[in-house]
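Novice: Protein chains in written order, with the working numbering: chain A, 5 to 481; chain B, 843 to 1241.
Just so you know, the hints here were simulated from the structure itself, not pulled from any lab data. Errors might be hidden in some of the hints.
[To be verified] To spell it out: a stretch of chain B is covered by chain A in this simulated footprint if at least three of its residues, at any positions, have a beta carbon under 8 Å from a beta carbon of chain A; those stretches are:
hint, segment
1, 1047–1056
2, 1066–1072
3, 1095–1102
4, 1107–1117
5, 1160–1171
6, 1214–1226
Think of the CB as a built atom: it goes at the ideal place given N, C-alpha and C, for glycine as much as any other residue.
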Amino acid sequence: MDLLQKNKLLYSRAGFGIALRDYQQPRPIDAALADLFPLAAPTGLEAVTEADWQQYSPDAMKAMGSEADKKEKQKEFRKRTKDINLMWLQQMVYTSFPLVEKTALFWHGHFATRINNPYYDQKLLNILRKNALGNFGDMLRQVSKSSAMLQFLNNQQNKKLHPNENFAREVMELFTLGRGHYTEEDIKEAARAFTGWAHDGNGDFVFRKRQHDDGLKKFLGREGYFNGDDILNILLEQKQTAVFLTQKIYRYFVSDEKTDEKHVKELAASFYKSNYDIAALLKEIFTADWFYKESVAGAKVKSPVELIVGYQRLLPMQFTNTKTLYSLQRLLGQVLFEAPNVAGWPGGKNWIDSSSLVVRMRLPEVLLATQDLDLSPKDTDPEMGEMHHNTTEMQEGAKPTNIKMARPVVDWDAYLAAWGQTRKEDLPALLADYLLVPGITAQQLRETISFADHFTDTDYIRSLTILLMELPEYQLG
Amino acid sequence: MPISRRKFIQVGSLASASLMLPQFLRGFQYQAPAQRSNHKILVVIQLSGGNDGLNTVVPYRNDIYYKSRPTLALPADKILTLTDDTGLNPALKGLKQQYDDGHLSIINGVGYPDPNRSHFRSMDIWQTGSTASEMLTTGWLGRYLDTRSAGQQHNALAIEVDDTLSLALKGDERSALAVQNIETFHAAATTPYFKKIASHADEHEEKLAGYLYKTLAETTSASDYLYQINKVKATGQTYPTTGIGKRLKTIGALINANAETQVYYVSHGSFDTHVGQADRQTRLFTQLDDALTPFIADLKANGKFEDVLIMTFSEFGRRVEQNASNGTDHGTAGSMFMIGGSLKKPGLYNPLPNLSMLDAGDLEHSIDFKQVYTTVLEKWLQADGKAVLGRRYTGLDFI
């Protein structure tokens, strides 16, 4: 792989696609990497303030009159999940440190929740972003004590007399060891250790001593008066935790389908040795010779969020109706803060089915040209009220609640200027190389050219760009 | 205007796609496929949001029912009587007729051990066919497609009439087609450019790109197939213009045209009746019943009713006691309707759950929904239930 192709692959995996300036001036990998890792942790995002939360907190709800009023108020609050969703999406588009957000997106799927509480969501997100490139142990401890996770995995109900095993099970199955490395007995014992872990109305961690079971526990072959922190520490001491995490990180950053077990083993060993230094692990991946191989280019299906962010980083666009960005996530099958379940998004081929593929292939025209896309995503939140399938409106002859894509205003200037000096006969191959991580055949390129608009140079660049972005290869990273 | 003046984008637009169609149809006269022998069809209707089972199939002689629901319980003189102690929600008049005709089997107390009361999780469990503690990434019907279509070329073995695909219909290697409106989808999926791209599907052997190209090729060909077959058979029935009405009309047209599709999937809702349950459930049931009636008549008129099994389900039932807002909160087990012309055991398949044996205010399930799936897979779709569900569940004998 030449330096240009290496840069392309690096920015595809460590970010949301290569920027034009990096494409035009590829740099040695060490130099590029140095700029990808920030010196300080990112500042927190705040879409829902503490004052906002005061209006909706359990205490405020208690003070309200009727059940119906409470429901209405809760509904209003849940809608604000969209605010934090869009704020983070915007952060991914405009950040100078895409690797932070890309890695946080990985942890967002690893520590998946779906709680419909934007204030708690925001707290958890900021834990993930701050620790995204930090220490996994610190992150695990903070996540385990976050209101979002305590609520989502029912640890609020985990009490000495009535243990709830949900958190204890998932912390092992999904967050650390993976299936098959613990017994049902270990789950029971760990659940006892986590009794009393709860959060207050403000979303801050509290330890309810009276609900904690302080008896003797046997866990993973050890015996002691373990509390929750002890359990997390024991889990971090297991080499399997490093192996499990590394496998998952490898699939996310390197390849959906093919895992090279030898490379994973080496990476996991140094990850464990570094005491779970995430930045060090990623640097090891991004400097490895085996990473920069043809077989790695295109070995990932871009997730919907990567795709949506990628468009916007490629071409600056202003959405007059920000709801569009939210609807797009739904149509494509990945809504931030709404993971399908605690296991997160399965990713890879799972992103693609006939309808999502057609939407992906239509989108460049919808966003960048004049096509309409008259599709309605399923409203997957029954509590938000009427689903679009609930068709009273249709019955009365009114328009169904389909979401039309509100087209953004696209700023093509910089992009067109950058390609304006390129000789016309060189344009197709260069644009294809810039836009697509895996290559395409000469014949495919000729056919794409035959659909392009040759009228003016500008039309030609634009139409080629859109047509290339519609190819199946554009879906791969 | 020189040809190059034409904005390239029109090539892919809906307008030009539809302009292309007459010529396309002139190109070859489409013949309806012949009647298929032994072609069994499953129509799944998902009642999203958690339908209240007790006000669907009503224990109208039960004191606990009336005590638990002072304002929500359906009075005995309002319900549609099925047996001496069980009746149907008054909005389900068409279904009552099916019951009387021996074309409705009601399976009660369907749920699963360790029930989850979150919409998302419980719907996940129902759609993937998992246990409460498993997290599967494929759906039960998707895995059925995987077993079915190894090495075979299919146009549209399963269709969800919607714009996006539910997990239930996603397999490892193969998924159903999600199509809300056949003509719109055809226009979007079969632009000349897409067809050109799809024609290269065979050249891609790399795993992921190959998968994308294969999906694209199948989508364009299935979309062509549906577009043509959809025009074959005009319905003699009048369907309501509600969402569920339009969807069942689409399904009726395809079934009656002898499409090769075996599984159809639609959703209707939301049945999440925390507040003011009576009005909403009545409205949704009326819409469902009004859509099912012409659908069934359509199937009968075309001699298809014996080959069709319609199945309803919801992610959970609701609590026995009503709440303070004239609604009900998330509960556990519920009833499933099986409708069709070939039922072996029509009527009430089993009794309603015992209201005096509640689990913390919730109904205890007596039948695992995976037993129902097993029955449908093995006795209707001729598939191996264990291969699809991962375990052997005892089947039932309603078909």
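Novice: List in ascending order the numbers of the hints, as given earlier, that are violated by the structure.
Specialist: 2, 3, 6
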